[in-house]
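Undergrad: Below are the chains, spelled out letter by letter.
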Amino acid sequence: MGRQLKLNLFIYPGGHHEAAWRHPKSHTDRLLDIRFYQELAQRAEAAKLDAVFYADGPALESNVQFATRFRIEPFTWLSAIAVATERIGLIGTASTTYLEPYNAARLFASLDHLSNGRAGWNIVTTGAERAAQNFGLDEHPPHAERYDRADDFVRVVGKLWDSWEDDAVVADAGTGIFADTSRIHPVEHEGRYFRVAGPLNTPRSPQGRPVYVQAGSSEDGKAFAAEHAEAVFTAHQSLDSAQEFYADIKARAAAFGRDPGQLLVLPGISPYLGSTEAEAKALKQEFDELTQPEYGLGILRKLLGIDLDGVPLDGPFPPELLATAGKAGSRSQLVLDIICRENLTVRQVLHRFAGARGHYVFAGTPVQVADEIQRWFEGGAADGFNIMPPWLPGGFDAFADEVVPILQSRGLFRTEYSGRTLREHFGLARPASQYSRGRHTPGQPGAVQRSQHVPGEPLLGANT
Amino acid sequence: MSSTPTEPQRHLHLNAFLMSTGHHEASWRLPESDPQASTDVEHYKNLARAAERGRLDSIFFADSPVLFGEVGRRPAGKLEPTVLLTAIAGATERIGLIATASTTYNEPFNLARRFASVDWASGGRAGWNVVTTAGPDAARNFGVDDQPAHAVRYERAGEFIEVAQKLWDSWQDDAVLADKEEGVWGDADRIRTVDHEGKHFKVRGPLNVPRSPQGHPLIVQAGSSEDGKDLAAKYADAVFTAHQTLADAQEFYRDLKARTAAAGRDPETIKILPGIVPVIGATVEEALELERELDRLIKPEYARIQLAKTLRVEPEDLPLDRRLPDNLPSEDEIEGAKSRYTLIVQLARREQLTVRQLIGRLGGGRGHRTFTGTPAQVADAIQEWFDGGAADGFNIMPPVLPSGLGTFVDQVVPILQERGLFRTEYTGRTLREHYGLPRPENQYAHAAAPELASIGSAF
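Residue numbers (the working numbering), protein chains in the order written: chain A, 28 to 491; chain B, 8 to 466.
Take the hints with a grain of salt, since some may be wrong.
[Said to hold, decoys possible] With a cut-off of at most 30 Å between alpha-carbon atoms, the simulated DSS-like pairs for lysine-lysine come out as follows:
| no. | chain 1 | residue 1 | chain 2 | residue 2 |
| --- | --- | --- | --- | --- |
| 1 | B | K241 | B | K264 |
| 2 | B | K187 | A | K52 |
| 3 | B | K316 | B | K345 |
| 4 | A | K75 | A | K277 |
| 5 | B | K206 | B | K241 |
| 6 | B | K306 | B | K345 |
| 7 | B | K52 | A | K75 |
| 8 | A | K308 | B | K187 |
| 9 | B | K206 | B | K264 |
Just so you know, the hints here were simulated from the structure itself, not pulled from any lab data.
Produce the complete structure using the sequences and hints provided.
TA: Spelled out as structure tokens, the structure:
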């Protein structure tokens, strides 16, 4: 079997198009119904996708008038999905800035236990300034400081997840011995940001640790991903840009002594499908016409620091405003590049980003979408994709029903799950507990193997 | 049911307090027990279904963010309870789901959000047992060298609950319009910042979760210290408490109802549920044999270490066959679980127990009342306290799981139902409805909302 795509369903309440909830096809009345998301995950599982994923931030984001900005807490949602599915991975976003490491470690370990090894952690430092004010801070911590803290956070939770070795639980009722306490370790972490005694109060979970995912493409973000992440979600508008990112992040991972194959790159794609290309484009247009300029303008104001009030929507982007635009992060740069390169009107820019907030929007036939996925996959730009349905549930059904079978018939995607855990779906090694190193226990799941790399820890004396 | 139309029958509230293989510390060693049960979601789903079969009000998990106990000697390690209860929600339809979470080691925004989310995911069945988390070991998992003082923890807890209630009220019930034609999803006039600024917290809000089915998840409190009782009187919808004697329970009941009235609340709106560990047998002899079997499986030398920790003495100060030493610290000197400390010391002194006997008594329910007898005797014991002004219901703590819950549901509940003391069918859908409590009005219902500025990023 050749190299296989990894496909992840990125669930956004209401769909990724900002106005999707207004479209007659959207089941807007079910957005707070947990069964809606359970059914969606079941469909993704029927299509053999690797995982479902929730973005998250601990603040009510902008302009709730115009879009479905609520966010149910992701551990809750994913636990409910876990018990309604059997195989599909469950990736939740959790903030290293606004959660305590001990609590986060417990939540993920619990999710991994109750899903039998399907948990993934999208590690974010939380970009919304608004969040700070929900946690007693007047200002959001600066970017570099947030990543420093994230680094410390990842090290602590890694220790906590490793604090019970895999074989610590003996459970011998006859002798009354429950656990081998020599295999349960205090972590006594003393870092720059966190002091945590440990051990965790949960036995080591099926995957050892959840899969580490990262989604920021700033310099700090890339450095962090190269060192710690096992999958990266990223946004690219063109093959070139994706190829460059792919080569860069893999090289950075190698520079940390890691096997670049153990870091998966998954760009986002938001597909509109039609039986002809024209039909697909018309469908996208239907959604774009439901957008409300006030909403998109608010986002551009936030992102670029420029105020477009009073600027004609169907005129060009005023160059003098562009000159003052801020380039705060990787996404701001991406937006600016497109505005400059493609010479778009204000309204065109709003429509361009209404689809998936800067992710790649592609309208075409199922074969065209499959071709595009294959082109990126084989062109050194992607190990798979983050599928971002424009609306729910139909926007995903179309992909699952029409595109997945093409990818399967081309031998690019599984027709059955071969593994049970998310690590197995993603082809990632199960990390040994850092506390079992040097202890050779052949045949045990926690046995140390030379090829296994523990995320966040440099390989000991190995250059492979 | 035997209730008369003129005088509505007062009904018991029954909560199943679930703990891996049961509350008896040696339960995991019985042949029926699965020692890995504490991380097995199927085990808990089955328990919840059994409780629902018995029409119980709710199930409940205790919690603390620390690995405690003698890990080598009894099952330790567990799942985080909000995650576990959400998983259970999908396997049940009516039963309430109460999770413990600490106000000392969480942020109010995160916890308010999680409980609102569990309430959504369960269709209005979430409850939050508010604890302040005793002990320096938990503190050390959160960068703190020692636990904050008892009074400070409770002060923070009160403010924490107020922040959570504000956040739960930050959306009006009708804030989501989802008007496709007009293009208005949320009504910004009905969503507001909370702008809380207190001694312990500064939280702007609003929550990013719409107001949940119950408005506020049920608030439960379980500490019986002076600070704990005051907190309960102000905020709690239900109280879990531990008493060994009817007289103690009556005194607590009267005291807490009076404090609740003094806090300006209707005392009927706080439900008091003492714990009971029912060791049930078809005959008295059978029940006693089960109790003896469990106590035989206790390892007193390890239980003594736990007892010594609770009493703030060294294990060597507690010879197994002697009574407790006379010079124990007073409750005022204790910064941890104050009320449980006093209960244990009083129990030992009142009944002149040796350390070994005390360990046996505590092995069942860690200070909760253990009652051994036939189903009818257990029902009598429950009714005696319920009719005697000592309880609005009970926290049922089966010594062994799953069998202890099954026996209670199948043999004791029908007797209580026959006597007209307990529901035969659920009449409500939400946890508040089971407990006969009103859905809280939104505190901002009649307040003008501050303008919700257009803020934040869509990325």
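Undergrad: For each hint given before, does the structure comply? Return the numbers of the non-compliant ones in rising order.
TA: none
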